[in-house]
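Participant: Line by line, the protein sequences give chains A and B. With the working numbering applied, the first sequence corresponds to residues 920 to 1323, in that order. With the working numbering applied, the second sequence corresponds to residues 920 to 1323, in that order.
Quick caveat, the hints were computed from the structure, so don't treat them as lab data. This list has only true hints and no planted wrong ones.
As a list, the in silico DSSO-like pairs of lysine-lysine whose alpha-carbon atoms are at most 27 Å apart:
1. B/Lys-924 x A/Lys-1241
2. B/Lys-924 x B/Lys-961
3. B/Lys-1156 x B/Lys-1185
4. A/Lys-924 x B/Lys-1241
5. B/Lys-1185 x B/Lys-1168
6. B/Lys-1241 x B/Lys-1168
7. A/Lys-1185 x B/Lys-1185
8. A/Lys-1185 x B/Lys-1156
9. B/Lys-1241 x A/Lys-1241
10. A/Lys-1185 x A/Lys-1156
11. A/Lys-1168 x A/Lys-1241
12. B/Lys-1185 x A/Lys-1156
13. A/Lys-1185 x A/Lys-1168
14. A/Lys-924 x A/Lys-961
There are 2 protein chains.
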Amino acid sequence: MNNDKIQIGLFGFGTVGQSLYTVIGRARNAHAEIRRIAVRDKSKPRAVEADPALFTENPDDLLDDPEISLIVEVIDNAEAAWHIVSEALRRGKTVVSGNKAMIARHLPELVELQRRTGAALLYDASSCGSIPVIRNLEEYYDNDLLLEVKGILNGSSNYILSRVFDHGEEYAAALRRAQELGFAESDPSNDIEGRDSLYKLIIITMHALGVYVAPEEIFTYGISTIHESDIRYAREKRFKIKLVAQVAKVADDRFTMFVMPEFVDKSKYIYSVDDEYNGVVIRGECYDRQFMFGKGAGGLPTASSLLSDIMARRYDYRYEYKKTRFRGRPEYTTDVLLRVYVRYADTDIPAILPFREIRETYTSPDYRYIIGDIRLADLLERRPLLSAPDVFLCNIPLFFTDKD
Amino acid sequence: MNNDKIQIGLFGFGTVGQSLYTVIGRARNAHAEIRRIAVRDKSKPRAVEADPALFTENPDDLLDDPEISLIVEVIDNAEAAWHIVSEALRRGKTVVSGNKAMIARHLPELVELQRRTGAALLYDASSCGSIPVIRNLEEYYDNDLLLEVKGILNGSSNYILSRVFDHGEEYAAALRRAQELGFAESDPSNDIEGRDSLYKLIIITMHALGVYVAPEEIFTYGISTIHESDIRYAREKRFKIKLVAQVAKVADDRFTMFVMPEFVDKSKYIYSVDDEYNGVVIRGECYDRQFMFGKGAGGLPTASSLLSDIMARRYDYRYEYKKTRFRGRPEYTTDVLLRVYVRYADTDIPAILPFREIRETYTSPDYRYIIGDIRLADLLERRPLLSAPDVFLCNIPLFFTDKD
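Chain A on its own, in the form it takes in the complex (with noise of 0.2 Å):
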């Protein structure tokens, strides 16, 4: 252990930044000081205060300064976050990360970078806020018995869904009040096309099972196009709506992912996550199902998980990244069968869409849905068919699980 203040170096000052500065002065044993902050503009008021002295424009500053061993990165522009990141392993400092779509895009460079350098990138805020996700995948769900992580990872669009199943209210109200409330950005479109949850999903799968799969290759579709049919269908069945990632091993030497809108019936655990809390359900072989569930968006759970990571630097905590050296690990394929219920009116999604069996039709002049079954790859493919405002596609779980 080592007994000396770990001096970090923070770059970004907004809401996570600003709570971590807060958590770290109540932390009476966190042996870890602030020494500098890199903010874009020095000027900007904020909520928080801090010595003045602290900011700086330079990110240099940081970088070159010897007392600094780590740097917390909680900048929004993932681009600038890979600069600043990659720079500070190649200097041999820790770097502890809440940025998922930087980590997403650039994980197999991190982990090489990590290998080369010796330096230790922490990034367990990235997923799921407060919920020890990643480091509980990585450390004890450690062994081949894994099958399946499935869940909630998107605080602001559960946020809305919530307020539309459980509070009655419309969509674009929801979303509005997500927005006055912070939960969603001024551009939510991260959150409601669930990008932010496949960028969870990418970091997860990699700790989960060892094998990285690039953004572009994963089926992601969101809840910006939901319709009041939609929900109304939803609710005469007693579903409710979620926004769901996956990764589920469909034999033993293959598995599958994807982010879609789910019909949740009463009985599963996710069911019940509501709000701004993200849920996730860990299925292995022996101990059937855990369920984790915590806050997960805003500043505080945020910065409590990133002060989790500072500290287990003291003990030299690194990821091992150890089941990316498992013998036999599972490759990805789109080459299986979903369930789906797609709703749309001008697309001709008869047309577009290669269903290998039609389970439900159903027309009437303002509604029509198909229910049916077709491969994920077909559904990969046609993605760009899929995104015009008529059309809203629903996961209706059958193949990988009977409860979550």
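Starting from the known structure of chain A, fit chain B onto it as the hints suggest.
Facilitator: Okay, now just chain B, sitting in the frame of chain A:
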């Protein structure tokens, strides 16, 4: 990382030992192998078949074998377990144990023994079966923002209460059923008297707050005297009765802990922890509440937890007992006020219990209860007087939490 297969010496080949044997066989990348199995009686027939050459009735065949670097201890008897575990540590062997009674009683000596010998003892399987609560408290919630850990830690008693509340069974029938299913031992008193939960709570508290409290200093009350009238009372108020263990900070420098049945209302996370499941709520200053939920009893879930501990040793993982070295560790206190429901008949509860304030009394020819506020210290002191079959005590949560 160590690439050689870990050679395991296994003490005990009951349900858990047999499950571990099965699980290690299934986990291709476990890099572990059971080299020897010590049992009391080699000739006893067992459900899982293992090579007869593995078995021995002589503990020294395992302890003296220099090839065996890791001992897994899953025997029934706490005193025998203590001798095996302490001897193995003295010989520098790693030990993985699931024996909560032994660990809870000997924790300070076991910590000291690990420090002196450099050998590691891991015991995540001792608490909540497959839920990684110890490791998360030690590693992830490792700062002083933690406020409370509360949960259902015993699968057998929870199964019984579930049968009663969700299926309308009578208590005696539910207990028999639990025994038939192998959730409750033939002597189920540890489970239903709350001692099993107590042991787990002691271990959890060590890793949550860095403080050891001995079993006899902790108020522990089980469900063995629960009566139809208590169940009816709870049902009328739309509560479930759950056997709850909790440790909570009551001030910056003080914490309390106890095991007691509790009236749990629908808004609480633990309300929906049914059957043989365990559920733990971890509350902190910044992340609010986290909920972990999974199978708390049964051979395979426990075995997968043992496997996680075994695999952690490939990376030399050990508990650092970090929080025992924290500045300003909180002190244990029983000087807190609780609100309790006490049902009684012949026992003169109003004379025995010094209530600070009585909130309700109810008297009818065959059912009498008091609801009142009382110091935990007063309950603890009078604990022996509360064991008569006509008395049942149940916590009405009030002071530490509003939502669990």
